[in-house]
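Generate coordinates for the entire structure from the input sequences, incorporating the hints supplied.
Numbered per UniProt numbering, the sequence shown spans residues 1 to 87.
No incorrect hints appear here.
Taking lysine-lysine pairs in the DSBU-like style, the calculated list, with each CA pair at most 35 Å apart, reads:
#1 Lys68 with Lys41
#2 Lys68 with Lys30
#3 Lys82 with Lys68
#4 Lys68 with Lys57
#5 Lys26 with Lys57
#6 Lys63 with Lys30
#7 Lys26 with Lys10
#8 Lys30 with Lys10
#9 Lys75 with Lys57
#10 Lys30 with Lys60
No lab work stands behind these hints: they were computed from the structure.
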Amino acid sequence: MSQIATITSKRQLTIPVALFKKARLKEYQKVLVEEEGGIIKIQPTINKVLRLSGSVKIPKRLKDKTLKQVIEISKGEYFSQKFGKSK
Numbered sequence: 001m002s003q004i005a006t007i008t009s010k011r012q013l014t015i016p017v018a019l020f021k022k023a024r025l026k027e028y029q030k031v032l033v034e035e036e037g038g039i040i041k042i043q044p045t046i047n048k049v050l051r052l053s054g055s056v057k058i059p060k061r062l063k064d065k066t067l068k069q070v071i072e073i074s075k076g077e078y079f080s081q082k083f084g085k086s087k
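Here it is, written out as structure tokens:
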């Protein structure tokens, strides 16, 4: 389905209703905007997250840790490497 839309002077684009509904978008929803080969793609952020889920292997040392623990460990390692000392 192709339709014509206009980009405003503020670089805003109004998505035609038919495309908006077909893509199951919602007002105020966050979307991911990508450019690939001169083509702009817009997709709901949750679709991207779901598509990527499970694609990153969790290191054994971080398994069975909460997200908060993983973040704290990762921050400590990052700053230790960057500044030569732990947080």
